[in-house]
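The listed protein sequences correspond, in order, to chains A and B.
Numbering that gives the first Met the number 0 puts the first residue of the first sequence at 0, with every later residue one more than the last.
Numbering that gives the first Met the number 0 puts the first residue of the second sequence at 0, with every later residue one more than the last.
Hints were generated in silico from the structure; no laboratory data involved.
One or more hints might be untrue.
[Unchecked claim] Part of the chain A face toward chain B, derived, beta carbon under 10 Å: (1) Lys27; (2) Arg357; (3) Ala374; (4) Leu376; (5) Pro377; (6) Leu386; (7) Thr392; (8) Ile405; (9) Pro458; (10) Gln463.
All values derive from a computational prediction rather than experimental measurement.
Positions of the beta carbon are idealized from the N, C-alpha and C atoms, including for glycine.
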Amino acid sequence: MHDILLFAPHLLLTLGILLCFVLGTLFKRPAGLYGVTFASTLLAGALGMAAYPSEAPLLPALKPFLATDALTAYFLPLICALGLGVLLFFGGELKRKGHKHDDELYALFLIALLGGVILAGGRNWLAFFLGLELLSLPLYILIGLRKDSGGTEASVKYFVMGATASGILLFGTGLIYAGSGSLDIAHSLRAPEGGGTVLVGLAMVLAGVAFKLSLAPFHLWAPDVYRGAPASVAALLTSMVKAAVGGGLLRIVLDLGPDLWPATVPVLWGLAALTMLAANLAALAQDSLKRMLGFSSAAHMGYLLMGVLCVNQAGPGPVMFYAAALAVMDLAAFGGLSLLDDGTEPVDTLASLRGLGRSRPWAAGLLAAGLAALAGLPPTAGFTGKLLLFRATIMGGYNWLGVIGILGAALSVFYYLRPLVALYLREGGAPSLPERLTVAGGVAVFLVLLALVGLGVAPSPVLQLIP
Amino acid sequence: MMHDFPLLTALILLPLLGGLAGLFFHRQPAQARFICLVAALAELALALVLLPKVLDARVLVERFDWIPLLHVQYSLAMDGLSYVLVLLTALLGVLGILTSWREIREGVAVFHCLLLAALSAAIGVFLARDLLLFYLFWEAQLIPMFFLIGRFGHERRRYAALKFFVFSMVGGLPMLLAVVWLMLTGVNPSLAALAASPVPGAMQGWCAAAFILAFAVKTPLLPVHTWLPDAHTQAPTAGSLLLAGVLLKTGAYAMLRWAIPLFPHAVAQAAPWLAGLGLAGLFYASWTAMAQQDAKRLVAYSSVAHMGLLTFALFAFDRTGLSGAVVMMVSHALTTGALFVMVGMLAERFHSRRLSDFGGLWGKMPVYGAFMLFFAVASAGLPGLSNFVGELMIMLGSFKVYPVGASLAFFGIVVGLAYVLRLLRGTILGKPGPLTESGQAVDLDGREILILSVFALAVLLIGVHPGPLLDLIREPLNILAAGRPI
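Kindly generate the complete structure, drawing on both the sequences and the hints.
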């Protein structure tokens with residue numbers, strides 16, 4: 000019974016996937032798929048919350064596969080919650096755009112979610128890779144949902160880059176296995192005999208993860224893909240996917256033995272500094288809001304990496320909190336964009352945002368709150384998250400990295416303000432239709448805003464979940 | 000001392016909640032405006048009710064754990080100094096709403112909500128005694144003011160709003176790093192604990208620099224002041240009133256409350272330079288004010304000049320001078336605030352702020368002329384009015400510390416007379432300008448007379464009877480001057 004409970008979230012999500020496919024085959028336009036997807040995500044999250052943290056599984060087959068520690072206990076419900084948040088926007092956007100293959104799209108969504116759950120909760124390299132691939136494969140299709148050339152370009156770009164990254168990562172895990180003789184993440188990185196081989200493998204794994212997290216110099220795909228993807232899929236990419244991959248990366252770094260740290264530190268330092276500077280500078284020059292958010296999201300992964308670098312001194316708490324905070328902020332920004340995009344004309348350039356703050360107060364408000372949070376304004380999740388990360392950085396003794404981070408944050412003020420100015424301080428062009436929020440949209444706005452402000456004003460409940 | 004009802008929290012939240020309540024009536028501007036006025040009046044009443052408590056208990060405190068993991072507390076305290084500034088803020092809030100009664104016709108609910116939110120944030124700055132809480136309110140001030148200027152301001156409002164935001168935010172970010180660093184050094188980041196064990200060595204210099212940069216931007220001190228004339232000129236009248244009366248005060252207040260107690264050695268070393276910058280600001284801004292064509296810009300530069308004098312007094316750090324600086328804070332808020340309101344009244348009537356368009360208004364608008372003369376000479380430091388008290392005490396106090404500087408400051412004040420005369424000649428005296436003869440020269444109505452009378456009474460009261468004000472701030476300043484924080 001004990002093992003079944005541990006595995007129940009994964010099983011529930013699988014059940015949801017199967018149901019979506021079966022219903023889709025049996026009926027022409029199956030109703031209730033949204034409900035199925037929603038329910039299985041919700042239940043999976045709730046069961047994950049109940050089951051973890053726990054003792055190691057009893058089944059010998061499951062034992063080396065699933066980690067049942069506090070990290071899983073935090074990330075599994077978080078990923079499900081983020082999935083729910085995305086779903087609230089995703090369903091609305093599918094309905095507005097009138098897509099034909101709802102069944103497959105919902106199933107794909109659930110597959111990605113399952114991948115995220117496995118990735119963040121797996122304790123060996125097989126689970127890591129399996130999770131990552133399950134997470135990526137459905138996204139190749141979801142990103143290409145838009146019918147125009149932008150959608151195809153985004154999909155192809157993500158596919159080619161993603162496949163390369165997966166290959167490199169797989170080869171890296173192979174090298175780690177060859178060097179250490181173990182597939183267990185912790186065991187293989189603790190005190191391996193073939194240290195050199197493991198190190199090369201680790202470098203390749205980090206490169207693969209860096210691609211998924213869009214860390215510089217592996218970040219150049221992000222703006223194009225975010226621009227080409229539907230806004231709700233971009234929300235999925237920046238929130239759930241990044242939280243899951245961040246969880247995976249955190250597990251790797253926490254398991255790194257003292258032998259491997261000295262070689263890893265400069266790499267992480269360089270990646271963090273480069274990401275913060277390059278992505279923030281690039282974001283300054285963007286005219287498309289989605290591209291700007293793409294670079295901004297990359298820049299924030301640089302801040303996150305500062306925390307990853309300092310896990311030994313400050314613990315995993317700051318990174319875990321920021322993973323949640325960043326996911327909520329990007330969910331707000333892209334979710335707001337997805338609500339603004341009612342299918343008549345694309346809302347992406349600064350000019351197209353003009354005056355929307357008045358004509359569509361809720362959707363624009365969500366977007367604006369997301370942007371303000373990303374800029375680190377109090378009292379939002381972004382402020383508290385940044386505070387914790389800079390605290391970790393200084394605890395770790397990397398003062399210069401902190402200074403670079405502040406420099407990046409100062410740069411970012413300029414580009415977060417421009418859309419805010421367009422939304423609220425400029426007159427709109429043509430008077431648009433009055434705002435009509437769906438129930439899901441309204442709930443989404445409320446929940447995301449609540450999370451955004453809640454994480455900023457009262458972070459203690461979340462912080463207490465963190466070991 | 001703990002009391003049952005969280006009065007200080009109520010002081011902070013009441014304006015914000017009132018503003019949000021007004022927002023629900025965004026389709027009925029009249030109701031929204033009325034609700035917000037009631038909220039502002041209630042805030043003022045609450046502030047007045049607290050007076051006996053402050054006199055009685057000396058310090059009102061509210062404190063509970065907020066983020067235990069970081070040892071951060073939600074810690075508020077109100078002593079006489081905080082009280083004076085809170086009362087001033089509440090008063091300016093009411094006057095600000097009355098001032099905008101006719102100026103703001105579109106987006107009334109949003110405007111008033113932003114105005115009240117700005118009050119909330121500023122009061123939070125005056126009351127916070129925990130470093131993180133203080134930083135939170137400090138940065139939160141930016142948001143409502145940004146939208147107030149950017150949405151409700153004049154022709155170049157977006158430029159001014161962006162400049163304001165970028166200057167403040169970029170100035171504030173290094174402070175975040177310093178705040179984090181301080182939070183890691185002490186056991187808890189409360190003002191008392193941090194000041195009890197000042198940061199050692201070179202790090203104190205870095206932290207002090209980060210804090211003072213943030214405060215200097217807001218005060219504003221000379222090289223980082225350039226956002227202010229633009230922001231003032233472009234802001235709606237009530238926005239200018241709050242900027243001059245409240246926001247600039249948070250800068251000077253934070254210097255006094257946070258920078259000086261936290262970094263005594265670093266500030267002591269930098270004090271001559273900072274005082275010098277204040278003096279330079281006094282001269283530079285007075286000089287620039289004389290060249291202005293735009294009446295509002297002239298008043299804005301006069302504001303920079305006054306704040307320069309105030310900064311000079313702060314860093315002379317003499318007990319009498321400090322009292323003078325606080326009197327000056329209050330007085331500057333009243334006189335400059337009133338001048339902004341009066342220029343706003345002109346702009347509302349004539350849709351122009353150019354000095355060359357006016358002149359000789361006294362004949363057409365005698366009541367306006369009388370008030371203008373009163374506030375202009377008050378701003379120039381006429382004995383018997385509030386500025387004189389402040390300036391005199393600053394002179395007396397700082398002369399002991401920087402005799403040369405204080406003498407120079409005296410000449411700076413004299414230069415100030417020149418721009419005041421220019422303002423008077425450009426509006427109520429001198430030859431009638433092209434707009435003076437037009438039919439829009441209608442004298443003040445009851446509402447406007449009411450607003451200006453409140454300002455004038457306060458200026459007169461502090462001018463002839465500064466005792467109660469000085470009594471209120473005596474003990475807090477004694478404690479600060481002795482190097483102990485509250």
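Consistency of the hints with the structure:
1. Lys27: Hint on Lys27 (chain A): violated, closest Cβ of chain B at ~45 Å, above 10 Å.
2. Arg357: Result: holds, 8 Å to nearest chain B Cβ.
3. Ala374: Since chain B brings a Cβ to about 8 Å from Ala374 (chain A), closer than 10 Å, the hint holds.
4. Leu376: 6 Å, holds
5. Pro377: Interface hint status for Pro377 (chain A): holds (4 Å vs cutoff 10 Å).
6. Leu386: 6 Å, holds
7. Thr392: Cβ of Thr392 (chain A) sits 8 Å from chain B, so the hint holds.
8. Ile405: 5 Å, holds
9. Pro458: With a closest approach of 6 Å, the Pro458 (chain A) hint holds.
10. Gln463: At about 8 Å, which falls below the 10 Å cut-off, the nearest Cβ of chain B leaves the hint on Gln463 (chain A) intact, so it holds.
The structure does not agree with numbered hint 1 stated previously, though it agrees with all others.
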